[in-house]
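K.L.:
Residue strings, one per chain:
2 protein chains.
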Amino acid sequence: MSIAALKPMTVEEQAITAKKAAKTLSMLTTEEKNEALRITANELEHSYEEILKANEEDLSKGKEKGYDKAYMDRLALTQERIGDFAEGLRQVADLPDPTGDVLSEWTLENGLNVQEVRVPLGVIGMIYEARPNVTADAAGLALKSGNSIVLKGGSSALSSNMKIVEVMHRALEKTKIPKEAVQFIASTDRAATQQLFTMKEHIDVLIPRGGASLINAVVENATVPVLETGVGNCHIYVDNKADVEKALNIIINAKTDRPAVCNAAETLIVHKDWLKENSDQLAKAIKDHGITLHGDEMAADALLNVVPAGEEDWANEYLSLDLAVKTVGTLEEAIDHIDQYGTKHSEAIITEDRETADRFMQLVDAAALYHNASTRFTDGSALGFGAEIGISTQKLHARGPMGLPALTTVKFMMRGNGQIR
Amino acid sequence: MSIAALKPMTVEEQAITAKKAAKTLSMLTTEEKNEALRITANELEHSYEEILKANEEDLSKGKEKGYDKAYMDRLALTQERIGDFAEGLRQVADLPDPTGDVLSEWTLENGLNVQEVRVPLGVIGMIYEARPNVTADAAGLALKSGNSIVLKGGSSALSSNMKIVEVMHRALEKTKIPKEAVQFIASTDRAATQQLFTMKEHIDVLIPRGGASLINAVVENATVPVLETGVGNCHIYVDNKADVEKALNIIINAKTDRPAVCNAAETLIVHKDWLKENSDQLAKAIKDHGITLHGDEMAADALLNVVPAGEEDWANEYLSLDLAVKTVGTLEEAIDHIDQYGTKHSEAIITEDRETADRFMQLVDAAALYHNASTRFTDGSALGFGAEIGISTQKLHARGPMGLPALTTVKFMMRGNGQIR
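Chains as they are written, first to last, in this note's numbering: chain A, 1 to 421; chain B, 1 to 421.
No lab work stands behind these hints, which were simulated from the structure alone. Misleading hints may appear alongside valid ones.
[Stated by the list, open to error] Derived pair list, reagent style DMTMM-like, types lysine to aspartate or glutamate, alpha-carbon separation capped at 20 Å:
id, chain 1, residue 1, chain 2, residue 2
1, B, LYS23, A, ASP84
2, B, LYS241, B, GLU201
3, B, LYS20, A, ASP336
4, B, LYS200, A, ASP336
[As the list claims (entries may be wrong)] If the Cβ cut is set under 10 Å, some of the chain A residues that face chain B in the computed set are:
id, residue
5, ARG38
6, TRP274
7, GLN362
Where a beta carbon is used, it is the ideal one built from N, C-alpha and C, also for glycine.
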């Protein structure tokens, strides 16, 4: 057994080991990294039986603990899902390598040449919950962009994650990427996670992926810079000049296509004139798709079976077939509501009036703004970024879907022949 | 008196007011912002007498408190220095406006148009020390990039800062920029500053400018994202293939041109073979420029009057005419030393061997890497960025000198005709 992650290293030793490996990794060519990712993909595919066996352990423990069906589903692996990991790694291998790109270059009057060059961040700390696919996906994106990664997955997927990392290490041993570039924290001790929060010297960025409480715990306690991802309380504003068919299609799609994801709609804001005219059609569409409405008084009067909505509904990321409905008289009221309750993720306006749409898109402060389209497009693969490490809901560094460039920083490289000031 | 900043608003009310003003500001044209900056520049120039009077109060309090000469110098204003603020605002007006730039644009197969557009961050919280010029400089950069700013200056410059803000407010009243976009926290209560640290809803980024203890206090206690600036423990590595004249010029320039700034050199790492051959010339140059050396044993043997160096010297940002000297036998030893003690600011190698230089620049993790040039060039105006809000020593968002683009984020704007997933 030579698997570094399974040796009893401390979390700090793991981070230091990862940092050292990052230096080696940063010197590799794109082709060397791509080949390593493809070899790792093959190894994962061939090792599906041992991975499924490890996954069985997690599943039986999960059953004992009485996890619900949705949770068990996220935890469960199949041969096909393992094939998807492998395919994901191959897709990352096919993406362009952002590192080494010269973003800008100029020469000062004194002859000093200045280059701004994209380089890896160094070591990424990834803190996530039950889904074992994140283990392979995140490692793939990190390695392709020249970064080491320290993984801390949810304890309910511990056996699966450890096995996936073991298989990845076995594969990396046949490649130029040092296997030490992928570290997995096997301890389920909460203190182990918290150590990651303040290890500024060894970890360059933390990426938490999961529910609001996980993300808040990281943001509030970390001194290591955080890439905040995730929570989406997304709104669809139906303006009085909205086309009925577009509005209904988009509302139903954004709410029901995948209700549990962050780019699903959670509140419908509707202009009262539009509602008056189209309440029957809206009510029918809502009913046909099994959506439960939580609305204000005017919404309750116009629609059927509306549960009275309170503060908590406006702020709620339901992640279910529930939808809050707020009626407004003006665009400004709609924007004020979004300002107050939105999470700066994805916000849509449905209108045939381009000026109103432009005003909405300029004044609403969010990563992704939509005119006459579903919020469901806020997603790296849907928007054509290739794989994504998460969707940033912060404003610094990266905003919206984060592909490989979000895992890089820059260096300014100055070359001279003795220039002084 | 209608000066918002001088009304007894709470810090939270000031931040909310700034956020509201940021919306108005974000809708202005570049020309409207530029005109406002020019009017403000004129008003500051014309108001020099009242600003100098306010500055007198700070200076006489400073004298009572026995501040040292360097500190008093940073605090002191003259008509000329006020003219420099004004000129700085005019230069910012002349810089290109980054907001509104479409950074990328594409159309998906389904017809959905995607634009990545640069937009203001919103509200910037600026926490700084004694220098009153930061008040006008930071406000100018914030306004030009469409951001409101909440200023918290050092209490020793309180009268000067309040007067500068009063004059700026008077000028802004004649312009399209709402004067509420510039907020100044007049309270000298430490709690007022700390409130800024956690006001995530109203403040988008904190920028601390000053010494290491100020910056660390912000980084450790803030939940608002921080742009970390400043501390520079910069090294010059003189390789065994270094040209003597270039090496001496660069060492002397980087150490003595302005010893108190962050891009000054603090440690000389020197290859022992080069030192053996050139110790006399180096010793003479050091002596001629009044530099005090703190060196390891080999440096002490080769040079004159060397104070023995310890751990604390390698880590020290002297900001004075002191220089640590470390001897090494290989490039790798030099890089290891920088890895251990550097602050990822500016690092230089002097060598005639391009391959060695490339290896140094690739392996050393810092914002600015120099081959055969002085570290003193890490500065927005020296590198041609125009004005800078600070020098980032972090890796996320912005790295190195930060001009106007560092004060922006992006929005993804999607325009469709009913697209759903």
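K.L.:
Given a cut of 10 Å on the nearest C-beta pair, is the interface hint for A/TRP274 held or broken against chain B?
P.N.:
Constraint on A/TRP274 not satisfied, violated at 16 Å.
K.L.:
Does the alpha-carbon distance linking B/LYS200 and A/ASP336 stay inside the 20 Å limit?
P.N.:
Satisfied, since the Cα-Cα distance of roughly 18 Å is no more than 20 Å.
K.L.:
Within a Cα-Cα threshold of 20 Å, do B/LYS241 and B/GLU201 meet the stated pairing?
P.N.:
Cα-Cα ~55 Å, so violated.
K.L.:
When the nearest CB of chain B is found for A/GLN362, is that gap smaller than 10 Å?
P.N.:
Check passed: Cβ of A/GLN362 comes within 7 Å of chain B, closer than 10 Å.
K.L.:
At a threshold of 10 Å, is the proposed contact between A/ARG38 and chain B supported by beta-carbon distances?
P.N.:
violated (25 Å)
K.L.:
Taking 20 Å as the top limit, are the C-alpha atoms of B/LYS20 and A/ASP336 close enough?
P.N.:
holds (11 Å)
K.L.:
Do the alpha carbons of B/LYS23 and A/ASP84 lie within 20 Å of each other, as the hint requires?
P.N.:
At roughly 44 Å apart (the allowed maximum being 20 Å), A/ASP84 and B/LYS23 break the hint.
Comparing the model with each numbered hint stated earlier shows that hints 1, 2, 5, 6 do not hold.
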